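Enquirer: From first to last, the protein sequence lines stand for chains A and B.
Numbered per our numbering, the first sequence finishes at 400, counting up by one with no gaps.
Numbered per our numbering, the second sequence finishes at 502, counting up by one with no gaps.
Hints listed in this document are in silico derivations from the structure and should not be mistaken for laboratory results.
Treat the numbers as computed from the prediction; the structure is a model and nothing was measured.
Built from N, CA and C at the ideal position, the CB exists for glycine as well.
One or more of the hints may lead you astray.
Under the rule of at most 25 Å between Cα atoms (straight-line distance), these lysine-lysine pairs were calculated in the BS3-like manner [unchecked claim]:
no.	chain 1	residue 1	chain 2	residue 2
1	A	K165	B	K388
2	B	K271	A	K100
3	B	K388	A	K174
4	A	K244	B	K301
5	B	K301	A	K170
6	A	K165	B	K301
7	B	K388	A	K148
Here are the simulated distance ranges between beta carbons [to be verified]:
no.	chain 1	residue 1	chain 2	residue 2	range
8	B	R334	A	V398	36 to 42 Å
9	B	A252	A	P229	40 to 46 Å
10	A	S286	B	R334	29 to 35 Å
11	B	L492	A	G346	49 to 55 Å
12	A	K209	B	A252	39 to 45 Å
13	A	G157	B	L327	56 to 62 Å
14	A	H205	B	L316	27 to 33 Å
15	B	F324	A	N111	47 to 53 Å
16	B	L492	A	P349	56 to 62 Å
17	A	G241	B	F248	44 to 50 Å
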Amino acid sequence: MVLVQTAMENSEQKAKTAETLLEIRNLKTYFKINGSIVKAVDNVSLKIINGEILGLIGETGCGKSVLGLSILRLLPENAKIEGNLLFRGKEILSLSKAEMRKLRGKEIVLIPQNPSTSLNPLMQIGCQVLEAVIRHHNLKKSEAVSKVLDLFSKLKLQEPPRKFRDFPHQLSGGMKQRVLMAMGVACNPKLIIVDEPTKGLDAVLRIEVVRMLKETASAAGTSMLLITHDFSVAAALAHRIAVMYAGEIVEMGKTAAVLRNPRHPYTAGLLNSLPGKGFNPIPGSSPSIISLPEGCRFHPRCSRANMKCTASHPELVKLNDDHFVRCFNVCF
Amino acid sequence: MHDTVMVPKKFSTFSLRTANSRITALSALIILLLVFTAIAAPVIAPHDPVAVDLANKLKAPSLNYPFGTDHLGRCIFSRVIYGTRESLKVSLIVVSISASIGILLGLVSGYFGGLTDELIMRAVDIMLAFPSIILALAIITALGPGLNNVILALTLVHWTSYARLVRGEVLRIKEKEFVESARAMGNSQLRIMFRYILPNVMAPVMVVSTLDVAHVILSASGLSFLGLGAQPPTPEWGAMVNDGREFIRTAPHLTIFPGLAIMITSLAFNWLGDWLRDALDPRLREGRIE
């Protein structure tokens with residue numbers, strides 16, 4: 069909780085001088101699969117200001133990774149993106165392919181979710197980091213190499229010159245994660261999208277990764293979109309939290325507010341299902357986004373659901389300054 | 213007993229303890245010897261391979277003529293040695309050109325998909341619809357006999373298998389996460405194709421091209437045997453077998469020695485290809501450790 073409070077203070081300090089880095093307005097990412105339409109991201113709006121870490125929380129398959137990929141326009145061809153993605157006031161969706169390539173890796177970086185399979189197995193890891201540095205900074209090779217070695221030692225990779233020449237299969241999972249982070253921060257991006265940074269890592273590494281992310285973000289003032297299903301990671305890092313369910317944001321607010329007083333029954337349910345809070349699972353399972361329930365998407369699993377919830381779909385309403393909930397029967 | 217222990221035997225295939233690895237070593241040795249022979253042919257060969265000496269025709273193997281002489285009195289040993297050059301030259305040129313074309317088209321086809329893929333793969337289908345040797349025959353008949361036309365015809369026939377193989381592998385590799393993360397880092401399409409995807413599809417290509425060398429040597433010799441390849445007096449194994457055909461009852465050494473050369477060479481490349489396939493396939497490697 070101490071971590072949460074410091075994170076809160078940071079965000080308040082920054083909010084005074086902050087400007088919006090990324091604004092997502094009514095983003096819809098639909099996939100066409102065998103004639104049916106899968107609404108992976110449905111009408112999502114959110115803002116990330118400079119230096120802010122936004123935690124995006126949700127179950128598997130709720131569309132949080134697709135949201136991350138939508139920002140970089142890295143989706144397969146059967147995907148359709150609608151809405152507005154404003155990065156520093158510029159519309160990402162109308163950029164050309166070449167402009168998009170300049171954005172990727174330099175301004176916006178994605179740290180992918182599987183360190184073990186996200187590095188080219190036939191390329192020395194140093195070269196993989198080097199590529200990005202050379203391309204986006206126009207540095208000489210020797211300068212870029214020393215920059216990469218610098219990064220490696222900052223991220224506590226032992227013997228940087230030797231690691232530089234190692235191939236991915238020679239590294240452990242934690243080291244690969246660090247290499248990916250080095251790739252991510254190499255070009256001083258404005259926004260880092262971190263996709264499940266702690267997936268498949270053990271408890272010790274998880275703490276290590278969280279610590280490194282925190283250092284990276286605060287040192288360079290980088291904004292982060294932290295995609296995770298781990299509340300403890302989000303609590304330790306994020307200034308604000310957005311909870312996603314079946315392609316929609318159901319609750320969004322400051323980390324402390326959301327964690328202490330969850331207003332949406334789903335958020336409350338998620339928190340109650342944590343091992344430290346009684347281990348009470350939410351009944352049922354999240355709906356297939358191919359055939360969504362009528363009305364509120366959460367109502368079949370919700371203990372507070374009534375007639376209204378089955379009939380009509382709730383909108384995201386503002387509770388107070390910076391806390392939004394999509395529910396008719398808000399918890400208090 | 214200690215073989216059942218799970219130890220990383222990365223290079224276990226290099227030990228000479230198993231029958232399999234002895235064959236591999238042998239085939240590697242044969243291929244090295246062939247390459248050496250081809251380069252040093254003028255030094256090794258005791259006689260001029262095209263020098264006619266009718267006084268000494270159809271001689272049985274002797275110290276002066278280790279493999280005997282043919283119907284024109286030419287030294288068969290020298291001709292077999294010089295024939296190594298022709299066979300290796302044809303097979304290496306055909307394999308490298310057809311592999312390059314096939315890899316490039318397969319890469320483009322698999323990576324871009326859609327209409328490009330459709331066009332290239334239908335072209336491959338059309339090529340595969342003909343029996344390859346008949347197609348090669350037709351091309352040579354149209355262009356006239358000669359080793360250069362054999363090279364051209366075999367290249368036109370052989371690129372298809374590489375294109376198919378590479379396309380399939382590219383389809384598999386391009387869905388991998390490291391390709392997506394390369395894209396997320398802002399790499400260009402060309403860079404992703406050649407630095408990220410291509411190296412990762414090369415393993416099966418190496419296997420197929422090694423096996424293909426054996427195949428091409430056989431095809432080229434076959435075409436020369438039919439009189440469509442090397443023209444006299446070029447020393448070429450297939451053509452030599454054809455020369456000896458008439459004398460097979462009275463002087464079998466005319467056909468036996470070039471025939472053996474063809475057999476041993478293609479066998480060596482086949483064995484090497486088999487070993488490469490086993491060595492590059494991690495599933496088979498695990499299977500052997502157990």
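Enquirer: Each hint should be assessed against the structure and marked as holding or not.
Expert: Against the structure, the hints:
1. A:K165 with B:K388: Satisfied, since the Cα-Cα distance of roughly 21 Å is no more than 25 Å.
2. B:K271 with A:K100: Distance ~78 Å between K271 of chain B and K100 of chain A Cα, so the pair is violated.
3. B:K388 with A:K174: holds (22 Å)
4. A:K244 with B:K301: violated (45 Å)
5. B:K301 with A:K170: This hinted pair is violated, its Cα atoms lying about 46 Å apart.
6. A:K165 with B:K301: Violated, at about 45 Å.
7. B:K388 with A:K148: Measuring from Cα to Cα gives roughly 22 Å; hence the hint holds.
8. B:R334 with A:V398: 36 to 42 Å: Given about 60 Å between the Cβ atoms, the range is violated.
9. B:A252 with A:P229: 40 to 46 Å: holds (44 Å)
10. A:S286 with B:R334: 29 to 35 Å: About 57 Å separates the Cβ atoms of S286 of chain A and R334 of chain B, which means 29 to 35 Å is violated.
11. B:L492 with A:G346: 49 to 55 Å: holds (53 Å)
12. A:K209 with B:A252: 39 to 45 Å: For K209 of chain A and A252 of chain B the Cβ distance comes to about 42 Å; the hint holds.
13. A:G157 with B:L327: 56 to 62 Å: About 37 Å separates the Cβ atoms of G157 of chain A and L327 of chain B, which means 56 to 62 Å is violated.
14. A:H205 with B:L316: 27 to 33 Å: At roughly 32 Å between Cβ atoms, L316 of chain B and H205 of chain A fall inside 27 to 33 Å, so the hint holds.
15. B:F324 with A:N111: 47 to 53 Å: violated (33 Å)
16. B:L492 with A:P349: 56 to 62 Å: Given about 46 Å between the Cβ atoms, the range is violated.
17. A:G241 with B:F248: 44 to 50 Å: holds (47 Å)
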